[in-house]
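*Asks:* Based on the hints, put chain R in the right spot on chain Z.
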Amino acid sequence: MSVLMPVLTAGIGEINLRDIDLYRAQGGYRQLERALTTLKSADVQEAVTRSGLRGRGGAGFPTGKKWSFLPNDGRPRYMVCNCDEAEPGTFKDHLLLEETPHQVIEGILLGAYGIGSHHAFIYIRGEFQRGAEILREALEQARQAGFVGKNLFNTGYDLELTIHRGAGAYICGEETGLLNSLEGRRGEPRLKPPFPALHGLYGMPTVVNNVETLASIPHILERGADWFAKIGPVHSPGVKIVSISGHVRRPGNYEVPLGTTMRQLIDECAGGLREGRRFAGVQPGGASSACLFEEHLDLSYDFDTIAKAGSMIGSGAMVVFDDTTDFVKAAYVIIRFFAHESCGQCTPCRESGNWIMRILRRILDGQGRLDDIATLRSAGRQMTGLNLCALGDSVEPFLASVLERYEEQFRAYIIGEG
Amino acid sequence: MSETSLVAAQERTTTFAALRKRLDPEFDTLIAQYEDSRSALLPIITRFQEEEGYVSSEAIDACAELLQLSRSVVESTVSFYTLLFRKPVGRYMLQVCRNLSCSINGADEIMERVRERLGISHLETTEDGLFSYEEVECLAACDRAPCMQVNLEFLFDLTPERIDTLVEQIRAGTCTVPARAQTQVPERTWRLAPGGH
Numbered sequence: 001m002s003v004l005m006p007v008l009t010a011g012i013g014e015i016n017l018r019d020i021d022l023y024r025a026q027g028g029y030r031q032l033e034r035a036l037t038t039l040k041s042a043d044v045q046e047a048v049t050r051s052g053l054r055g056r057g058g059a060g061f062p063t064g065k066k067w068s069f070l071p072n073d074g075r076p077r078y079m080v081c082n083c084d085e086a087e088p089g090t091f092k093d094h095l096l097l098e099e100t101p102h103q104v105i106e107g108i109l110l111g112a113y114g115i116g117s118h119h120a121f122i123y124i125r126g127e128f129q130r131g132a133e134i135l136r137e138a139l140e141q142a143r144q145a146g147f148v149g150k151n152l153f154n155t156g157y158d159l160e161l162t163i164h165r166g167a168g169a170y171i172c173g174e175e176t177g178l179l180n181s182l183e184g185r186r187g188e189p190r191l192k193p194p195f196p197a198l199h200g201l202y203g204m205p206t207v208v209n210n211v212e213t214l215a216s217i218p219h220i221l222e223r224g225a226d227w228f229a230k231i232g233p234v235h236s237p238g239v240k241i242v243s244i245s246g247h248v249r250r251p252g253n254y255e256v257p258l259g260t261t262m263r264q265l266i267d268e269c270a271g272g273l274r275e276g277r278r279f280a281g282v283q284p285g286g287a288s289s290a291c292l293f294e295e296h297l298d299l300s301y302d303f304d305t306i307a308k309a310g311s312m313i314g315s316g317a318m319v320v321f322d323d324t325t326d327f328v329k330a331a332y333v334i335i336r337f338f339a340h341e342s343c344g345q346c347t348p349c350r351e352s353g354n355w356i357m358r359i360l361r362r363i364l365d366g367q368g369r370l371d372d373i374a375t376l377r378s379a380g381r382q383m384t385g386l387n388l389c390a391l392g393d394s395v396e397p398f399l400a401s402v403l404e405r406y407e408e409q410f411r412a413y414i415i416g417e418g
Numbered sequence: 001m002s003e004t005s006l007v008a009a010q011e012r013t014t015t016f017a018a019l020r021k022r023l024d025p026e027f028d029t030l031i032a033q034y035e036d037s038r039s040a041l042l043p044i045i046t047r048f049q050e051e052e053g054y055v056s057s058e059a060i061d062a063c064a065e066l067l068q069l070s071r072s073v074v075e076s077t078v079s080f081y082t083l084l085f086r087k088p089v090g091r092y093m094l095q096v097c098r099n100l101s102c103s104i105n106g107a108d109e110i111m112e113r114v115r116e117r118l119g120i121s122h123l124e125t126t127e128d129g130l131f132s133y134e135e136v137e138c139l140a141a142c143d144r145a146p147c148m149q150v151n152l153e154f155l156f157d158l159t160p161e162r163i164d165t166l167v168e169q170i171r172a173g174t175c176t177v178p179a180r181a182q183t184q185v186p187e188r189t190w191r192l193a194p195g196g197h
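In order, the protein sequence lines correspond to chains Z and R. Under the working numbering, the first residue of the first sequence is numbered 1, with each subsequent residue one higher. Under the working numbering, the first residue of the second sequence is numbered 1, with each subsequent residue one higher.
These aren't lab readings, by the way, just hints derived from the structure by calculation. One thing to keep in mind: the hints can contain errors.
Computed footprint of chain R on chain Z, listed as stretches where at least three residues anywhere in the stretch have a Cβ under 8 Å from a Cβ of chain R [as the list claims (entries may be wrong)]: (1) 18 to 28; (2) 164 to 173; (3) 325 to 339.
All figures in this text were calculated on a predicted structure; none of them were measured in a lab. Here a beta-carbon is modelled for each residue, glycine too, at the ideal position from N, C-alpha and C.
Bound conformation, chain R alone:
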């Protein structure tokens, strides 16, 4: 290991240890809610993701240690859920619904406009790390189709023009939806393996 990467690794260890120390009391409360501590797996991982922007390997290790599970069990469980990102993503996660009620009410146009404005496709992140984009299944807001979520906040009755405004606001830093945490620079995609639809 080069000297620079060694320093970076040490820094990372220190930062994560501080985070862990800050979150541990919360984790105690979370674990105490359940008859079996393993039930706290998703809540703990979700908290780490909120803080770090993605589920880091350190978070997997910490969760395994807290719940006395093997690392592979935590890793496998995390991989099951689409809202858990095992690799870094953008500060704004745009999730546009592609299911039926949205689809027959113009979702294709919305998705096309997002892709065009951001220059990325489904499951990708812009080079500046600002946007990630995913086409998702039904968000249970079909009366206001087409709809999407931005960092889990709903936007309804979408039009291509609304997408233009949203992208401009995010770029200008005037979007009212808070940005996600971002502790690492994201790559082009957060997929672990090729494939998926």
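Only chain Z is shown next, with the shape it has when bound in the complex:
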């Protein structure tokens, strides 16, 4: 039996879901109508809470709980959908945006209604030009159909959705960096607290949710919170789109119940490794996650199990490495990425990223020194926990994990055998 369980990805490649009529023929926008006409905002929120849905953007925070932090003080509220997908190895929101734009729109509108917001935004990374165009067309269709705008379904509820494009900056995927960018500022993360729930967009109560998180809501309403809650592990329930890339035969997006093992994901979904290659490691949750190895392959792919193993599932991006991998080069590529994307506000992140990158460059160029290994070990640790946002803390895990397992590769470069 296949481990696949297509829910958000159902119909992709078979039906043109960009066409509003075909999307509606699959039951699309029915939950929006049902929610607006028969449910209170609190009912939607209750369903999301009961489903156990945890954020699909990386942090895995319970979505219903995030919503519950909004104060009841009469100020306007904003729902912001985070489509700044840029965590290396992640390409699921890209797919949802281009292939199921109406599902994305319906999810955002339901999320906005669930928190009692009348103005929602979607922040799309600047590189997704085609995706933004597709969404713009879909939004126009939805507007014509009366699903966006004033007095939805004659209920008196107004709900606007604005598409906002980024202009190139990984850090805008961090929710407060995103809000600053959406306000027309440099995308620098803000000091927290206050969290966006109290002081978000334009200083108002705001929820920022990932594309996949919001796109799950129509299905939770359609099939029931209990249906979702019963899929996978109790504390990490539901289906998840896992982006698998690297040294596998069939890289791609695979939607599975959380709790599927990494071995199943790699072998059954992605077709296993290429001919004659051996498994060397997997980054289970994007560039920020520590590498896991052979002994971890039968672990359940869910938020808590992978965290307990010292890594994270993050946004659901698995990068698989076979035995041809140069882990010194891989570490350099990852560190260069974080050094490039550091916004520069916090000294440990700004300086250490560059420093570690230069040490790795020197090692790759055959100029390494034996004490560089000890320096690499301590440098990453020294920048952790000292920054405004998680970027600075993301620099160390991958490097530390591959240095631990493949120290001989680093040594070989240094003593001239690399």
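*Replies:* Chain R in isolation, oriented as in the chain Z frame:
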């Protein structure tokens, strides 16, 4: 100022004023989308860049005026984003992914071929102003690695031969990706200051 440069400056003022007049209604719509007009900063700057090929000083001034911000605030904000070019670039912007999934699937070979075919490095523009080249971070298309964008359109499953074809097509004017606007001759690099990686 010499007479020729004075004429050029006057021409530039006239051209920009015409552009501004044409775009102003669009800007009104953009600004009206937001509770705070400053949110329209990136959309406005992006529109100017689409029209002029880069973010000109006149565009910075116009944006500051439209949003009632200081010029330095707009300048600083623009400098934060890698897809905004403060100096002119080539008519074809080639952005090859250098991140992990592409890197372990042959991106080095792709980047080498681009550099070799164009005779330029990361963050540089060819002398004829046709190509600019940048090695960029993850483009969220790792299942089709190695990948790149040409004027923000994706090319997947790259091979060095595919790069040869692309460069030939662009040179022959047969590439299906539309060229970027180019209103000024680009210099060798669009970097404002040395450094960067």
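*Asks:* Could you run down the list of hints and mark each one as holding or not?
*Replies:* Evaluation of the provided hints:
no.: 1; hint: 18 to 28; in the structure: violated (count 0)
no.: 2; hint: 164 to 173; in the structure: holds (count 7)
no.: 3; hint: 325 to 339; in the structure: holds (count 8)
Going through the hint list in order, the structure does not satisfy hint 1, though it satisfies all others.
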